[in-house]
Structures are given as structure tokens and as C-alpha cells.
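Novice: Sequence:
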Amino acid sequence: MLKDFVKVADMPQEVIEKYQNQVPAELLQIWQEDGLGTFLDGYLKVINPDDYLELLQDSYFRGDVAFPMFVTAFGDIITWEKNTYVGIVQYN
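Be aware that the sequence shown starts at 1, since it is given in the working numbering, and climbs by one per residue.
Keep in mind that the hints were calculated from the coordinates and are not lab data. Positions of the beta carbon are idealized from the N, C-alpha and C atoms, including for glycine. Be careful, since some hints might not be right.
Unchecked claim - With a straight-line cut-off of 20 Å between C-alpha atoms, the simulated EDC-like cross-links for lysine to aspartate or glutamate are:
(1) K7 with E33
(2) K45 with D34
(3) K7 with E54
(4) K3 with D41
(5) K45 with E26
(6) K82 with E26
(7) K82 with D64
(8) K45 with D10
(9) K18 with D41
(10) K3 with E14
(11) K18 with D64
(12) K45 with E33
(13) K3 with E33
(14) K18 with E81
(15) K18 with D51
(16) K82 with D34
As the list claims (entries may be wrong) - Cβ-Cβ distance ranges computed for the label pairs, FRET-style:
(17) A9 with E54: 13 to 23 Å
(18) V86 with D51: 18 to 28 Å
(19) D4 with F61: 26 to 36 Å
(20) Q22 with L55: 13 to 23 Å
(21) F74 with D4: 23 to 33 Å
(22) F61 with K3: 31 to 41 Å
(23) D4 with D64: 32 to 42 Å
Start from the sequences and build out the full structure, keeping to the hints where you can.
Specialist: Here it is as C-alpha cells:
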């Protein structure tokens, strides 16, 4: 699905099943077809959301409604919020 994707690992099936009704269909497709890794020459990283949920909840005022989808090369987290829109939490 993603051009220039560099796969690091498969997304664990239990993570896919856990969040399949909470994320956009496009993200679910990336998880299933591409797995975990980077694209856009390493600028964006497909992540396991469980690795970033606690950080997001502890450091972002909307952490209770934000879901981590990607991380940038600069450490910012791209989020899916309120099952409606994409956001970004900048940590610089």
C-alpha cells in the first residue's frame, strides 16, 4: 500500500484485533499489508500504538481521545482523534 515502505516487523495480530473498530480502515490496511516500519524516506514511522499510548495520555491535553498512528522522524506523534480527524502532537 505504501510506496518506499521499509518493513521492520509485522503488526501483532492481537493489536490489529484490539483496535480494528477504533481506527480508520486505511490504517488497518497499512497494518495488515505493510506492518511496522518507515516510509517517506524514513520521515514517518508506522508504530504499535500500545508503545505510545501512555506517553500521549501523559503529555497531551487531549490524550484521552487521541490515538497514536504514526511518529515523525522528529518524534512528533500523528494522532487519530475522536474517531473524526487527524492531529499532530509536536514535542519540539
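Novice: State for each hint whether it applies.
Specialist: Here's how the hints hold up against the structure:
1. K7 with E33: Between K7 and E33 the Cα gap is close to 10 Å, so the pair holds against 20 Å.
2. K45 with D34: holds (11 Å)
3. K7 with E54: violated (24 Å)
4. K3 with D41: holds (10 Å)
5. K45 with E26: Holds, because 15 Å separates the two Cα atoms, which is no more than 20 Å.
6. K82 with E26: holds (16 Å)
7. K82 with D64: Satisfied, since the Cα-Cα distance of roughly 9 Å is no more than 20 Å.
8. K45 with D10: OK: K45 and D10 at ~13 Å, within 20 Å.
9. K18 with D41: Roughly 29 Å between the alpha carbons, so the hint for K18 and D41 is violated.
10. K3 with E14: Violated, because 25 Å separates the two Cα atoms, which is more than 20 Å.
11. K18 with D64: holds (17 Å)
12. K45 with E33: Given pair K45, E33 holds - Cα atoms ~15 Å apart, limit 20 Å.
13. K3 with E33: Cα-Cα ~12 Å, so holds.
14. K18 with E81: It holds: about 17 Å lies between the C-alpha atoms, which stays within 20 Å.
15. K18 with D51: Answer holds: K18 to D51 is near 14 Å, not above 20 Å.
16. K82 with D34: violated (25 Å)
17. A9 with E54: 13 to 23 Å: holds (20 Å)
18. V86 with D51: 18 to 28 Å: Since the Cβ atoms of V86 and D51 sit about 19 Å apart, the hinted range of 18 to 28 Å holds.
19. D4 with F61: 26 to 36 Å: Holds: the Cβ-Cβ distance is about 34 Å, inside 26 to 36 Å.
20. Q22 with L55: 13 to 23 Å: Hint holds: Cβ distance 18 Å, inside 13 to 23 Å.
21. F74 with D4: 23 to 33 Å: violated (19 Å)
22. F61 with K3: 31 to 41 Å: Hint holds: Cβ distance 35 Å, inside 31 to 41 Å.
23. D4 with D64: 32 to 42 Å: holds (34 Å)
When held up to the earlier numbered hints, the structure conflicts with 3, 9, 10, 16 and 21 and fits the remainder.
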